[in-house]
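All chains should be modelled from the sequences, with the hints used to inform the complete structure.
Chain by chain, the residues run as shown.
There are 2 protein chains.
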Amino acid sequence: MKKLTILKIGGNLLDSEKAWKKAMDYFAKISGAKILVHGGGKLATEICQKLDIETKMIEGRRITDQNTLDVATMVYAGLLNKKLVSYLQSLDANAMGFSGADGNLILSEKRPVKTINFGLVGDIKKINTPLIINLLSQKIIPVFSAITHDGQGQLLNTNADTIAASLGASLATHFQIVLKFCFEKEGVLMDPLNEDSIFPMLSQVDFLQQRQNGVISAGMIPKLENAFFAKKRAVHQVIICGVNGINQSKGTEICL
Amino acid sequence: MKKLTILKIGGNLLDSEKAWKKAMDYFAKISGAKILVHGGGKLATEICQKLDIETKMIEGRRITDQNTLDVATMVYAGLLNKKLVSYLQSLDANAMGFSGADGNLILSEKRPVKTINFGLVGDIKKINTPLIINLLSQKIIPVFSAITHDGQGQLLNTNADTIAASLGASLATHFQIVLKFCFEKEGVLMDPLNEDSIFPMLSQVDFLQQRQNGVISAGMIPKLENAFFAKKRAVHQVIICGVNGINQSKGTEICL
Chain P
40 MKKLTILKIG GNLLDSEKAW KKAMDYFAKI SGAKILVHGG GKLATEICQK LDIETKMIEG
100 RRITDQNTLD VATMVYAGLL NKKLVSYLQS LDANAMGFSG ADGNLILSEK RPVKTINFGL
160 VGDIKKINTP LIINLLSQKI IPVFSAITHD GQGQLLNTNA DTIAASLGAS LATHFQIVLK
220 FCFEKEGVLM DPLNEDSIFP MLSQVDFLQQ RQNGVISAGM IPKLENAFFA KKRAVHQVII
280 CGVNGINQSK GTEICL
Chain C
40 MKKLTILKIG GNLLDSEKAW KKAMDYFAKI SGAKILVHGG GKLATEICQK LDIETKMIEG
100 RRITDQNTLD VATMVYAGLL NKKLVSYLQS LDANAMGFSG ADGNLILSEK RPVKTINFGL
160 VGDIKKINTP LIINLLSQKI IPVFSAITHD GQGQLLNTNA DTIAASLGAS LATHFQIVLK
220 FCFEKEGVLM DPLNEDSIFP MLSQVDFLQQ RQNGVISAGM IPKLENAFFA KKRAVHQVII
280 CGVNGINQSK GTEICL
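Note that the protein sequences, when read in sequence, are chains P and C. So in my numbering the end of the first sequence lands on 295, straight run, no missing numbers. So in my numbering the end of the second sequence lands on 295, straight run, no missing numbers.
Since the hints were made in silico from the structure, they are not lab data. Each hint should be verified, as a subset may be incorrect.
It does not matter which identical chain is meant; a pair holds if it fits inside one copy or across any two.
Below, computed lysine-lysine pairings styled on PhoX-like, alpha-carbon distance capped at 25 Å [unchecked claim]:
id: 1; residue 1: K149; residue 2: K60
id: 2; residue 1: K73; residue 2: K178
id: 3; residue 1: K57; residue 2: K149
id: 4; residue 1: K165; residue 2: K178
id: 5; residue 1: K60; residue 2: K271
id: 6; residue 1: K68; residue 2: K41
id: 7; residue 1: K224; residue 2: K178
id: 8; residue 1: K165; residue 2: K149
id: 9; residue 1: K42; residue 2: K271
id: 10; residue 1: K60; residue 2: K289
id: 11; residue 1: K73; residue 2: K42
id: 12; residue 1: K149; residue 2: K95
id: 13; residue 1: K224; residue 2: K61
id: 14; residue 1: K271; residue 2: K73
id: 15; residue 1: K149; residue 2: K73
id: 16; residue 1: K81; residue 2: K60
Remember, it's a predicted structure, so these values are computed and weren't measured experimentally.
Here's what the structure looks like:
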């Protein structure tokens, strides 16, 4: 099977032009087929504030209303996506930017309301695998922003880690996939106060144990859940790393 | 040769959701290969105002600085493009939205400074015709926003009429093209005060004469220049029309 690298870069990296350009310099050097998935960063929040769009929170979680989604679409699918694409083009990497609506690449459905109505948030239903394979065969590098659609004209906000994991899962029968979640740390930390205390490997059992101990907490939990989801769905290698782990063997490798 | 319809929809249409949805309903019904090109509308100006970005004017022409371009990228390549794409998807039209940076589809160069420095405005240098033909052969409907790139990481603002005309010119050896410039009037007016006074045909000689008479003025001049450019470059049929002319024989047909 051919190799495919899927790189997800997180919000914090996108807040600094120097940081994301460094990440893209490394990404462009990776050989073979590749896909980039990017999150948002602070810019959407800043623009919401300037446009007087209130951030609605319920039980500590942000609620996406239509105005917030419009700003997310502008910033993620518009500005950040096109800046990443044009920078990659300048490095001779033939990037092409997408939301899930484009070519019906990622179809999602509005998250059902149980106790909390998260608003315009989409859970992934279907990935247009044949079209992605076709694009990759033309040496195109798909660059996904974290916006999907429901097929009925409604755009939806979807977590970028989940998009990366689902792309991995849906393409794993066609490619030997290396999936890297790149964020501001060099890996999953054993001690949050020690940046060098990186787990070289992390199994599902370790994860459950460390979560119970409180060593792994907050935003790291959904990220690792996505990582284990991909690993269980036959993604060859899943790694949580920093910028320096993009084209080097660094970070925390997920094992079952 | 296979038929290809290229539809350009203008800024005014994009200001009203009802208007652009009607335009898209008609567009979705056109049979055969098709491409959509869209302009901006007032939203970018409104957002610039809310974000305290000044509109710089020199000799009555707007100057695009980096902040203005960022807003244009957000609004045109982000929000409007994705709204159009997701609405077309809901009509079972397999739309895919692009800026010129995506897949290096439209390469431009910053307009040289003569008397006026227009800022980050791009004149089209090269269209990636093979990739567009490949997308069309997969029954994808490319939806272009009016943002291009210079291949060196700089996004640039490019007139949407010019993009539509240049796409027509670059694809005319491969398709029998119908190029429609759709705007708020039903065609080119003989009398600006009479909405029904539409030229059924307009030749280059008529155009030059009517421009001298002052009958054709302002924004209509560059639009017609783009229309004649396309017609001279072997575009089969070029029409200036309103929403009702999208899938009917209405409007002003350009002849040489």
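Tested hints:
no.	hint	result
1	K149 / K60	between (33 Å within a copy, 22 Å between copies)
2	K73 / K178	both (9 Å within a copy, 24 Å between copies)
3	K57 / K149	between (35 Å within a copy, 24 Å between copies)
4	K165 / K178	both (23 Å within a copy, 19 Å between copies)
5	K60 / K271	neither (32 Å within a copy, 43 Å between copies)
6	K68 / K41	within (17 Å within a copy, 40 Å between copies)
7	K224 / K178	neither (31 Å within a copy, 43 Å between copies)
8	K165 / K149	within (13 Å within a copy, 40 Å between copies)
9	K42 / K271	within (18 Å within a copy, 47 Å between copies)
10	K60 / K289	within (19 Å within a copy, 49 Å between copies)
11	K73 / K42	within (9 Å within a copy, 34 Å between copies)
12	K149 / K95	within (18 Å within a copy, 41 Å between copies)
13	K224 / K61	within (15 Å within a copy, 49 Å between copies)
14	K271 / K73	within (21 Å within a copy, 41 Å between copies)
15	K149 / K73	neither (28 Å within a copy, 30 Å between copies)
16	K81 / K60	within (17 Å within a copy, 32 Å between copies)
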